[in-house]
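Asker: The lines below spell out each chain.
There are 6 protein chains.
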Amino acid sequence: MLSMLRPTPIVPTVDFDRDGAQHGFLRLPYSRDDSAWGSVMIPICVIRNGTGPTALLTGGNHGDEYEGPLALFELARTLDPKDVSGTVIIVPAMNYPAFQAGTRTSPIDRGNMNRAFPGRPDGTVTEKIADYFQRELLPRANIVLDFHSGGRTLDFLPFCAAHILPDKTQEEKAFAAVEAFSAPYSMKMLEIDAVGMYDTAAEDLGKVFVTTELGGGGTSRAHTVRVARRGVMNVLRHAGIVAGEVETTPTQWLDMPSGDCFSFAEEGGMVETLVDLGDPVKEGDVVACIHATSRTGQAPQEIRAKMTGILTARHFPGLIKAGDCAAVIAVEV
Amino acid sequence: MLSMLRPTPIVPTVDFDRDGAQHGFLRLPYSRDDSAWGSVMIPICVIRNGTGPTALLTGGNHGDEYEGPLALFELARTLDPKDVSGTVIIVPAMNYPAFQAGTRTSPIDRGNMNRAFPGRPDGTVTEKIADYFQRELLPRANIVLDFHSGGRTLDFLPFCAAHILPDKTQEEKAFAAVEAFSAPYSMKMLEIDAVGMYDTAAEDLGKVFVTTELGGGGTSRAHTVRVARRGVMNVLRHAGIVAGEVETTPTQWLDMPSGDCFSFAEEGGMVETLVDLGDPVKEGDVVACIHATSRTGQAPQEIRAKMTGILTARHFPGLIKAGDCAAVIAVEV
Amino acid sequence: MLSMLRPTPIVPTVDFDRDGAQHGFLRLPYSRDDSAWGSVMIPICVIRNGTGPTALLTGGNHGDEYEGPLALFELARTLDPKDVSGTVIIVPAMNYPAFQAGTRTSPIDRGNMNRAFPGRPDGTVTEKIADYFQRELLPRANIVLDFHSGGRTLDFLPFCAAHILPDKTQEEKAFAAVEAFSAPYSMKMLEIDAVGMYDTAAEDLGKVFVTTELGGGGTSRAHTVRVARRGVMNVLRHAGIVAGEVETTPTQWLDMPSGDCFSFAEEGGMVETLVDLGDPVKEGDVVACIHATSRTGQAPQEIRAKMTGILTARHFPGLIKAGDCAAVIAVEV
Amino acid sequence: MLSMLRPTPIVPTVDFDRDGAQHGFLRLPYSRDDSAWGSVMIPICVIRNGTGPTALLTGGNHGDEYEGPLALFELARTLDPKDVSGTVIIVPAMNYPAFQAGTRTSPIDRGNMNRAFPGRPDGTVTEKIADYFQRELLPRANIVLDFHSGGRTLDFLPFCAAHILPDKTQEEKAFAAVEAFSAPYSMKMLEIDAVGMYDTAAEDLGKVFVTTELGGGGTSRAHTVRVARRGVMNVLRHAGIVAGEVETTPTQWLDMPSGDCFSFAEEGGMVETLVDLGDPVKEGDVVACIHATSRTGQAPQEIRAKMTGILTARHFPGLIKAGDCAAVIAVEV
Amino acid sequence: MLSMLRPTPIVPTVDFDRDGAQHGFLRLPYSRDDSAWGSVMIPICVIRNGTGPTALLTGGNHGDEYEGPLALFELARTLDPKDVSGTVIIVPAMNYPAFQAGTRTSPIDRGNMNRAFPGRPDGTVTEKIADYFQRELLPRANIVLDFHSGGRTLDFLPFCAAHILPDKTQEEKAFAAVEAFSAPYSMKMLEIDAVGMYDTAAEDLGKVFVTTELGGGGTSRAHTVRVARRGVMNVLRHAGIVAGEVETTPTQWLDMPSGDCFSFAEEGGMVETLVDLGDPVKEGDVVACIHATSRTGQAPQEIRAKMTGILTARHFPGLIKAGDCAAVIAVEV
Amino acid sequence: MLSMLRPTPIVPTVDFDRDGAQHGFLRLPYSRDDSAWGSVMIPICVIRNGTGPTALLTGGNHGDEYEGPLALFELARTLDPKDVSGTVIIVPAMNYPAFQAGTRTSPIDRGNMNRAFPGRPDGTVTEKIADYFQRELLPRANIVLDFHSGGRTLDFLPFCAAHILPDKTQEEKAFAAVEAFSAPYSMKMLEIDAVGMYDTAAEDLGKVFVTTELGGGGTSRAHTVRVARRGVMNVLRHAGIVAGEVETTPTQWLDMPSGDCFSFAEEGGMVETLVDLGDPVKEGDVVACIHATSRTGQAPQEIRAKMTGILTARHFPGLIKAGDCAAVIAVEV
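Top to bottom, those sequences are chains A, B, C, D, E and F. Mapping the first sequence onto our numbering, position 3 (from 1) lands on 3, and the numbers just tick up by one. Mapping the second sequence onto our numbering, position 73 (from 1) lands on 73, and the numbers just tick up by one. Mapping the third sequence onto our numbering, position 290 (from 1) lands on 290, and the numbers just tick up by one. Mapping the fourth sequence onto our numbering, position 45 (from 1) lands on 45, and the numbers just tick up by one. Mapping the fifth sequence onto our numbering, position 74 (from 1) lands on 74, and the numbers just tick up by one. Mapping the sixth sequence onto our numbering, position 198 (from 1) lands on 198, and the numbers just tick up by one.
Keep in mind the hints are simulated off the structure, nothing from the lab. One or more of the hints may lead you astray.
[Claimed, not checked] Facing chain F, a subset of chain E residues (Cβ under 7 Å, in silico):
| hint | residue |
| --- | --- |
| 1 | Pro139 |
| 2 | Phe175 |
| 3 | Thr219 |
| 4 | Ala222 |
| 5 | Pro257 |
| 6 | Val275 |
| 7 | Asp276 |
| 8 | Pro280 |
| 9 | His291 |
[As the list claims (entries may be wrong)] Calculated cross-link-like contacts (lysine to any residue; reagent style SDA-like; alpha-carbon spacing at most 25 Å):
| hint | chain 1 | residue 1 | chain 2 | residue 2 |
| --- | --- | --- | --- | --- |
| 10 | D | Lys306 | B | Ser31 |
| 11 | D | Lys321 | A | Arg295 |
| 12 | E | Lys82 | F | Ala299 |
| 13 | F | Lys321 | D | Lys321 |
| 14 | D | Lys321 | B | Pro107 |
| 15 | E | Lys321 | F | Lys82 |
| 16 | C | Lys321 | E | Ala299 |
| 17 | E | Lys321 | A | Gly102 |
| 18 | E | Lys306 | A | Arg27 |
| 19 | E | Lys282 | F | His223 |
| 20 | E | Lys321 | F | Ile108 |
| 21 | F | Lys82 | E | Ala299 |
| 22 | A | Lys188 | A | Met307 |
[Unchecked claim] Not close to chain B: a few residues of chain A, all C-beta gaps over 12 Å, as computed:
| hint | residue |
| --- | --- |
| 23 | Asp17 |
| 24 | Glu283 |
| 25 | Arg314 |
Backbone N, C-alpha and C define an ideal beta-carbon position, used for all residues, glycine too.
If we strip away everything but chain A, and leave its shape as in the complex, we get:
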């Protein structure tokens, strides 16, 4: 059915089949009030040396997550084609308009890139980018690494992850890549609602797909950036694209066995997380309080853990709204 679609309007200024390091753009025409003949210029780097496997490396799927872009802009600048066997395609900021704005979604169409797949060549800007990955970039890849962090509104323990998949061979390859990444934590994820995700798009095409959550809050830390940089090199080594041994460090595997991992706020207010990330939590503990702020003297709403584990993610901003996820607990395995 995809073959019936119009061609993509995106024009790359790089040649995917040329050896060497190229720094260019995916140019996406975008007519708007402040530029009738304007374009979105998404930076792309292709580093190729011969006919080995292809890794597709992406950050900025959400525009307010920085470990990925920091690792990938540096990799693009420093990776020598001589050290490569095959091809490394680097798009450090997939949802480039969102990345420029420092927001999760695109300021142009409020598109959430990770819910926009498979995209449309005649859709919104976000859908056109998704379509280009779906039909042009993913088919070129053997292994796909997509960096995430918590963004401005969530904070995570740093982990690398892959999905539990129906094809156990594919799943095994993905977990092996996660192991190679060597983040402080590693996660096996069971995706309940996978519709529209880049992850699913890649996996449905049979690719080895690895992702991360490496912090959050709309910033990065020196420590988490180091994790990202070591991880991406480890994955390239693991894939045989860069020579050398994977630099392993111990990782703690985590599991999120059910929806009881998640705690949602039922009232808005000022949120206080009573434990920090990585701290142990017992079922029934108060993990967070939501304080009413319209007057003093009111008792806070308590949010209790529905399972025992460690605090793995939390709402980041000091204010919270009804319906926001306040805390996530995972189990050490």
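Following the hints, position chains B, C, D, E and F against chain A.
Answerer: Frame of chain A, contents of chains B, C, D, E and F only:
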């Protein structure tokens, strides 16, 4: 000269001279398009027992800093008048419109409360609040504790601080209160440009004034909230308003000897802080890089430390603009 | 065809098959810049006692209409399950984001709930809510009462209404429920363009569907709220869900026989309605004037009645734009 | 001191000393991004016949109040200079930018015209208009009539009013003009905080000053517009500028004896006014409820009358914020 | 397939089959927060005399282009039905909401009218207008003239144009009409990506379609307006709808042979076009510079011509963004 | 009196007394929601060689005028200190926040730099910049050249200008510098309302002050940029700071003898200028028409010339508002 000013338009719904715990409002009439006869309702709590000294405790001077409001809303809810000798006035969110919006400055007039003193009774909403503190609340206080953190755009090592003052008796009392607060770090600050600050307003009236920076990023951590809660109780004990011993813990005193502490970005881009808060830095070290993001393959701008010390504060968001302070270094003393 | 659709993403926190009164939410996951893992929390109340008929009661289909939400929040709070035979499902604010904002349409996607049916499970927030009503709530109902008023931009005589339908048995049941509601006025409506309406969605499923227009201007009056409260109890009694007699009061039936009922402005300006709601109007009378406001001394544009009747609705704000409906006339029958 | 001020930048296109009817503008230069050499063009009409007294008639002091502009645009269009003895100066929309936007305050500078007096010739746009009235128009007038209504956020019983003044002769003249206006209600107002008001500016210059509140909600009704039109003609007859008898109708005098007239909301929510305008209220009655809307099943906050009287004004929109005035009670005298 | 679509919601107030000159509206119902029963009122003029051919004349396809609307509002006002044989349908501002706002796209839905065809009767406002042209207006026409200029962000040499078409008879008729228009320049365009264009919609229905680019910058000049007015009369004469000879003037034919005509900016900054419109350019010449503005002393980015010709269009605003088209070169033929 | 003011908060990163070419910033601390410790970084270049006279060269006084910034960024990049005798201080974009936004006024405070003098060290950002020029830069200068163009909303014939001054020696020096600039046109300006202007601030300090209007529309043309570049070099040669002869070309002197030069619109609409810049106009000619756009068939409002001369400036955008200056006529002398 102040006696010539018009009376404040603010009407308190609490009686500052009544014993017991009162939860009320400072009601500030504010006519606007969506409410011709509206008001700003600033929560205030007065806990009084007899004729001892008065502590004025404030948070939310900047609206995106949470350790103070979290400590003070709880204190207002839990402090028993029977445990008090004197008066505790608690305004957990001074710039209440900013606090409600989760922003540093007021969404009404973009007023920065800490540059609005002494305020004006016929000025903007922010200036009217400042005037009320200047003429009504500060004169009632013996000791003033004003909580700050880094807010959404800065992150700090947790410290309590007071200013170097011309009146050395007043200064000594303030540093004694800082010592009592028992934050992990303590700071002696020399204010270069003190115009408009609440700090200066209090100090000029001869008050013992103590402030903090307890984290940042527009969030709070369980750890820093514990520091804030212990600190405010320690200050009340130190002032003789609450009975009992100050709970001391070790603190590291810091100094910011010159303008060389501050490093500013000269170009905008994606910022990477190469060391984490509390890490040692040597003069000449690269403390931060600013990466151009318009294309791959470009060398980052390096920001080098102008002095040796520890990283004490940093720009928080992943993106930075020209002119933003990227890093602050302080010296351990 | 609907069976091919994805399941709804909405998770109710109430159990529709449990006896008693439950106060909960329809939780609709909504990822956005200010909350990556946020949700819309739509209040819902289920009051059930055994296996009798089910009434589905809704307000806030448009977010700036208040008689319905006022009647339904109170009903949810006060209706005793012991007084019920069957089930009462109450959603006092269908388009909850619009209701929170006080606007006709949703601030999230500008969705007009009453043009969004049958909705889509993978559509906008408004479409997801419509889909939930279409596939989950409407099928449970025997009788449906949806409250409307004029909102911020229209004002109506208070009436209850049902549609002229091809199925005369269904129509007769609906008009009987209108009669039971006992509003000051009652209306037989012929819907010309029924595409996307909740009304049509309910009627196409064979439900008895009753609606109202009970005032407007983005406010409520004590009088119209009393009409709404009496009306909803009357409908529940009429349906046999609550015991007791319908409290009847006289009603005046109205008819809107043709498009000549509506008068539109062809120029913008300051509008003056020359008669008040309920006043008689003769064909050819000037019902409204539009005054140019760019200078004094200019003759107003006159809008004349195209039929004889009473003024039933009018443009509410003092300014009007070209294309706005200025006045509606109905005929007493 | 005023004589030291710079001259006004406003240029009138009418000649105040010429007989006949002139329709022109007060042109106020206003340089802005969308027009470097733009101006605000405030419509003004001067109708003069010989050397009798001068009435200054204004509406649109707040931009969302319509009875005044409707009466005055019509008066400007229809008043024949032959019927005048003296001068009638009509500015139907004082805060013209606010009037064009349909908002209480100016969209240019958020200026509330009735808190901007005496204005400044080098201030904001609103202050420049106020200064022009202060120094150019008020000195020409013998009697001043300024129309108000409740605007979008308040609704009033229709009344004409004047202030209790230290100069009892001036006060008596003003109440005589109120009596002549012949609104359904008449009010004696004691202004507590008169700073910045047009009323005060006129009264301080010794003028007979009359004002009104004639409805509200950001609309007008046929009934209240008739009150306004009759009232302005009555005032002109009373002043001897137009010949003929004042058309009197009965009026009910009201008094607002203390701050207990006003009830403020302490929590936001959905407001329900339990009595309608003009209904009697007894001390202790619940006049309004504020319903929490975040979930069903919660008891509303009740607002009780602090005195016995009739409901004279109320908050208009269906939603209310903490600090908004919910209800005003006045006493019949 | 179009026959399965719902009928258009647009109601015209003109009768296309009535002789004489009619000035009316296409009324498009549009419910929104500030008018529940509002409409978009698109001006339309029909001038008919008997049964000759029909010309459909449009401007304001993009809302910031003025030569077309200026020519067509005047034509509608001045063309005498007696001078017509057949029908002239004039819509001076197709995308009327965009035209009112002075923006390229619609402020309602950001719709680009020239990418919205064939439109949808149940789509956005822009799509509903496109659908009306597609199904109601285009079928009535024999010849279609659609005026464009560069808008606020581009500036063009003034030319009239038609497309190279597969049906050479249709193409020949179109170029004959271009010749008749007699603009200073004439262009043969090969459309690469014609999806969604009004041009394509008309051509696919077999109509003779002529378009223009007559200047730009969001303004008009006396000279280009004269070109537009003469051109439209010439086209009507050429089509036999108005009697008399075409007023010919010399025209220079241009060709845009390949994508090398277009030069795009790869960095944002302050743009300087080194030649003016109509000036000759040689392959390799620097046609534009982009100056970095964050500091002085930096070399500009040079944009060089990829072919020899004349400068035919350019970016208009002083600032440029990465991806904007900076310059267009065409070849004289 | 100025000596009583606080010191400027602006910190320059250049040394005004050092020989050579320096590229730096005026750093103005600016605390805001998105950067608590942010700054505005205004580019400045100082080129000095020994002790000759000082020229202060500025552009971007209004942020949407480009000939000045284009000439001055280039001059800063290319002027060799060896070719200088004295000092050249270049600030290519005075109101740098406005320049970055491409708007006339500052997006921070809507400040119009040319109405902000003498500024305030504790005022808005725009006032702080003005104060720095007033107290720090102007006193260093002997000759001041400030570039203007029409900006986005006006278009001018290209001219250089100086003011008629009470000090005829100062005036003569200024006109000599205008003559040296050698623009196509030269203007003697009599400033009616000079309050707040940079021009006046410089002249009051006794400086030789020269300004320009070199086009407009928010763009630049190759021709006008060449005029600007030649002009600034000519002024430096004329001042003896750069060696060599002034490159003279013929100039036409113009005069604006009275307020009859200016024509203002009294109604908004679509504007058509009937003559182009530089065309002759006779008293009584229609110079512009304003077309109503709400429907077809309406006669335009005509604006007639009040004097004979040439069209010297015009409103630029296609739409116009009441009060906008539509056309300016000057007299050739």
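Asker: Broken hints, numbered, in rising order?
Answerer: 1, 2, 5, 8, 13, 15, 16 and 25
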